[in-house]
Every structure is written in structure tokens, then in C-alpha cells.
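In order, the protein sequence lines correspond to chains A and B.
In terms of this note's numbering, the first sequence opens at residue 1 and continues consecutively.
In terms of this note's numbering, the second sequence opens at residue 1001 and continues consecutively.
Note that these hints are calculated values from the structure, not bench results.
Ideal Cβ placement from N, Cα and C applies to all residues, glycine included.
Mixed in with the good hints there might be a few duds.
Distance condition first, Cα-Cα at most 27 angstroms in a straight line; then the derived DSS-like pairs of lysine-lysine [what the hints assert, rightly or not]:
| no. | chain 1 | residue 1 | chain 2 | residue 2 |
| --- | --- | --- | --- | --- |
| 1 | A | 98 | B | 1332 |
| 2 | B | 1383 | B | 1183 |
| 3 | A | 24 | B | 1285 |
If you want the ones that stay clear, here's a sample from chain B, every Cβ over 10 angstroms from chain A, calculated [what the hints assert, rightly or not]:
| no. | residue |
| --- | --- |
| 4 | 1004 |
| 5 | 1088 |
| 6 | 1204 |
| 7 | 1208 |
| 8 | 1230 |
| 9 | 1326 |
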Amino acid sequence: MTREEVLQDIRERFGEDILEFLDKISTRVYIDIKAESIVRMCLYLFRNLGARFQTASGTDMPPHIEILYHFIIEDINLVISLRVWLNRENPEIASLAKEIEAFNWIEREISELLGVTFTGHPDPRRLLLADNWPECVYPLRQDYEEWDETADRTRGV
Amino acid sequence: MGKTIIPIGPYHPLLEEPELFTLTVDGETVVDIDMRMGYNHRGIEKLSEGLVFDNSTFVVERICGICSTSHPWAFTRAVEDIFPMEVSMRAKYIRTIIAEGERIHSHLLWLGLAGHFLGYNTVYMWAWKLREEILDVMEILSGNRNSYAMFKPGGVRRDIKAEDIPICLKKIDSIVPTLIMIKKAVLDDPVLHARLKGVGVLSYQDAIDFSALGPTSRASGVARDVRKDSPYGAYQEMDWNMIVTQNGDVLDKAVVRILEMIEAINIMKYCLENLPDGEIDACIKDVPPGEGIGHIEAPRGETFHYVKSDGTNRPVRHKVRAPTFMNLPTYKATVIGQTISDATIILAAIDPCYCCTERVAVKNDGGKMLYNGQDLVRLSQEKTERMRRRMGVK
Chain A
1 MTREEVLQDI RERFGEDILE FLDKISTRVY IDIKAESIVR MCLYLFRNLG ARFQTASGTD
61 MPPHIEILYH FIIEDINLVI SLRVWLNREN PEIASLAKEI EAFNWIEREI SELLGVTFTG
121 HPDPRRLLLA DNWPECVYPL RQDYEEWDET ADRTRGV
Chain B
1001 MGKTIIPIGP YHPLLEEPEL FTLTVDGETV VDIDMRMGYN HRGIEKLSEG LVFDNSTFVV
1061 ERICGICSTS HPWAFTRAVE DIFPMEVSMR AKYIRTIIAE GERIHSHLLW LGLAGHFLGY
1121 NTVYMWAWKL REEILDVMEI LSGNRNSYAM FKPGGVRRDI KAEDIPICLK KIDSIVPTLI
1181 MIKKAVLDDP VLHARLKGVG VLSYQDAIDF SALGPTSRAS GVARDVRKDS PYGAYQEMDW
1241 NMIVTQNGDV LDKAVVRILE MIEAINIMKY CLENLPDGEI DACIKDVPPG EGIGHIEAPR
1301 GETFHYVKSD GTNRPVRHKV RAPTFMNLPT YKATVIGQTI SDATIILAAI DPCYCCTERV
1361 AVKNDGGKML YNGQDLVRLS QEKTERMRRR MGVK
């Protein structure tokens, strides 16, 4: 399929799920979607369109938490980023880790750094943070405050 | 017979990425694996949010000592993608030269260590000796053996002098015969074939499901290379081959890396010989609000950076994903069912930070230490030795 056919296909198949469609440049497309559509859209991109999952990136943007799922379709050199907005008070989204192994670690990472709950994750342990890091303290949130009085985090710049 | 838990890791002064691998073994066979990382989480993404775009380049350069070109390039591409803008042709060529030099020295480093794990210390010595030549070239070009500080959003920091080019070409040419000799010695060695063929196979489907990257995926028949798929830098300017093999075992991963070095040498030479004239820096003044994605092919696979800007001089969000993040989970698919003596080389074949394997302790129920890291390397070397004797090779 060509680039236009792929985008047309996504538009037609997921018209209900798409909130906004930004065709930025020839190699980058950003699609804002409803949070509940994430599993079926990701599975369609990964399984049917043969996209490779690059990674997901979460950003704290009060009053929302934004998660971008980045895919690339290598044959047509197109990066498709699916954007979902979650409620910052109780961020929750369905996990894809049990369907596709590639989502496993990044969901664990976003969950501990931003406090997003991935429901149905098969292995929701910490990935990066230390064992003595307190619960419910999320370092990539905007309102993060230093909790460790002994820590020296001077940056030297 | 009861199962034994073998922890590999987590800390060693040599480690780039301290990690803990908990292997569950039944007799000699690995039946389960669990991985833990984050022992040295430095919070670089958070740190980068407080830095101006120019300074972030230096911070991401220090994510990895070996990939000190890949991260800055992915980051600068992400910043340039916010506009979007293209850098000048000369800057693209210079970036390509530095990146391919890094690929050669990274693969040589891997080849040497893989040889050491297998008891081929001659390969280790030769590979690291060759690596010195490439590091010398990098020093001539950038002023540093590592952490080249050549990249900045909009171009490169330092030009390549015309009088340096012949010296570099001569040095690069000087390693080619030795590299070809090593290639023949490794690929035609019957013991290595017997030792590595069919060991730690990553199937095509697993490579897709884990979204494996770089040589790890290309050895399993997944033709995936950012340099070909989403051309950047000067990679469309010349002919070069993407190396893809089909078996997915440790031998194929070695073959991909060795052949890739020869391609990288050709790319580097072409760029040095055909370096176009022009500006090297677009002198970016302001970064507009928006978001950008930069991804490039590092020696280990795709490095991915995402940058969000709000129009100030600092990124609002900077996400970094290194290739090992996607490749390491494939260890789960490749090590189960294999023996402990192969566990080190299967892990090394992914090219993560193999130093992990240096600090290995095998404990029994009483907590008495049976093996340490050197013992595991020794186990691996002894297996090669046994095969060598059985095959009658000296």
C-alpha cells in the first residue's frame, strides 16, 4: 500500500476513534485518538499494516497526561504517532503487553515515571526506579518535588 | 532434581548498564529468565528538560560511551524535525563519517569480547588492535577518541580539514586487509561454526513481536535498517548493502556485524573522498513550539528520540529510547532451553553491555558460591576447547 492508501485506510476504519488527524510532513503523521480505542488501533497497525512499534512517550501536561505511541511503517517510511489524553487524577489505559511483547517494558517505565496504570499488564513491577523510591512519587510529573533529603542533585551547569 | 537460581549481575565497575539476570536452571538447561534493570538510572530525560537545546546534546552524548554519536544525532534530528529543516550536505557527510566510524569501532569491540568469551583470545587481541586505528582516525577528525562532541542542532560543530583526509584514508585502508583476514578466520573456522550454529536462535516471528532492532533483527531475516528505510544523513548518496541473514543464531549475528564493518568502511571512505563544500552549521536561533521525532541506526539498532518544545530554549519533554531497550527482552526468547555455558555468548550476541556477564555468581540452596563471572567465561571457553578436541582441530 502507498502512503495515501494507508492513511485513507486508517481514516475509514477508525473514523469514530480519531479525534484529530495531523499530516505534518511526508514522513510524520500524528493522530489524536480516544483512549479506549488504543488496543484495537495499535493491534491493527502492528499486525495488519506491518508497522514496527518504536516506543511510547508520556508527557505530563496538566490537567492531562499525554501518551504517544510511535509506530513506523518501514516500506513507506512513515512514522505514525497515536496520541491519547488521560485524566491526570486517575490515569488509566489498557495494556498491550499481553498481546505484543514489545510493549512490555515501556508500559512499565511509563507507569512508574508518570503514574499511569496499564490495566491488564502481565508484569506490573518497577523497571527503572530503585526499590527504596517511595510509592506514588512520579519523577516526570510537573509537580515532582525532591523527597530524598540526603540526595545531591546539583547539575553543575 | 530441584531447580537452581543463577543471578547474573547486577554491579561491576566496568558496567555501562548494570542489570540483574536471574536464570532458573534445571541441571544445565535454562528454563526461565527474569531481568531487572535500573540500577544506575540517571534521570537523563528529566535532566535534559532543564537544559538548553545545545547543552542537551552533550548530556545525551554521555548516555553511552560507545554510542556517543548515535544519541546526539537522534536528538539533533528530533530538534530539526520540529521546524522541520534539513542541514547542509557537508554537515550530513561529516555526520555520516563520524557515525560510521563509531559503528566500526563498536562492532570491533563486540567482536573482540565475543572472541574472548569463546576462548579465542587471538580474535580479541586483533580486533582491539584494529579498533585503535579507527579511534586514531576519530581523534584526527574530531579531536577525541570517544565522545566526539561533533553534533549540534542545525549542523556540526567542527569541520573536517582537507589535509586530514588523506591521512585518515590511509589509516582506514591499512585495517582492511586485517579485517578481511579476521573475517575469513572467523567465518571459515569449523569449531566456531559447530560452537555457534543453532545456539540462541531468535526466530523471525519473535524478532517482529519483540520489535527487535539492528543486527539482532537482521540476523533473523528481518530486513530493517533505518539508514535504508528512512534515509537520513548521506546514506542515499552511495551504494551499500544492508546485511541480512536468515538463521537468527549467534553465528549469524556475528556474520552480520563483521560484514557490516566492511560496508561501514566503504561508506566512510566514500564520504571522505566526496566531501562536498559548503556551510557546516545552519545557526539555529530559536526553536519553534512543536514536537519532533529523530531516529537513526546506531551500531546496535535504532536509537529513538522524541522532543517537545514550547518555544522557549529548553525542551518540555525529551524521551530517549536506546536500542538495547528493545533488544534485551529478546534474551527471554533466545536463552530458554539453552545450556548455562551458552548463556554468556547468547547475551553477548545481542551486544548489550556484556560486562554484565563479568559478575556472575551461581549459588546453591546453602548460599555457597559455586561460580563467579570468570568461571562462567571459563565454562564457555572449555566448551569450545572440548569441541575443538572432539573435532581434532588444534
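Quick rundown of the hints versus the structure:
For the proposed pair residue 98 (chain A) and residue 1332 (chain B), the alpha carbon gap of about 15 angstroms is at most 27 angstroms, so the pair holds. A hinted pair counts as satisfied when its Cα atoms are at most 27 angstroms apart, and residue 1383 (chain B) with residue 1183 (chain B) qualifies at roughly 22 angstroms. Restraint check for residue 24 (chain A) and residue 1285 (chain B): the C-alpha separation of about 22 angstroms stays at or below 27 angstroms, so the hint holds. Interface exclusion of residue 1004 (chain B) from chain A stands, the closest Cβ pair being 22 angstroms apart, more than 10 angstroms.
Every Cβ of chain A is farther than 10 angstroms from the Cβ of residue 1088 (chain B); the closest lies at roughly 19 angstroms, confirming the non-interface assignment. Distance to chain A confirms residue 1204 (chain B) as a non-interface residue, since its nearest Cβ pair spans about 13 angstroms, more than 10 angstroms. Not every CB of chain A lies more than 10 angstroms from the CB of residue 1208 (chain B), the least distance being 8 angstroms, so the non-interface label is violated. The Cβ of residue 1230 (chain B) does not lie farther than 10 angstroms from every Cβ of chain A; its closest approach is about 5 angstroms, which violates its non-interface assignment.
With a least CB separation of 7 angstroms from chain A, residue 1326 (chain B) falls inside the 10 angstroms interface cut-off, contrary to its annotation.
Hint check: violations occur at hints 7, 8 and 9; the rest are consistent with the structure.
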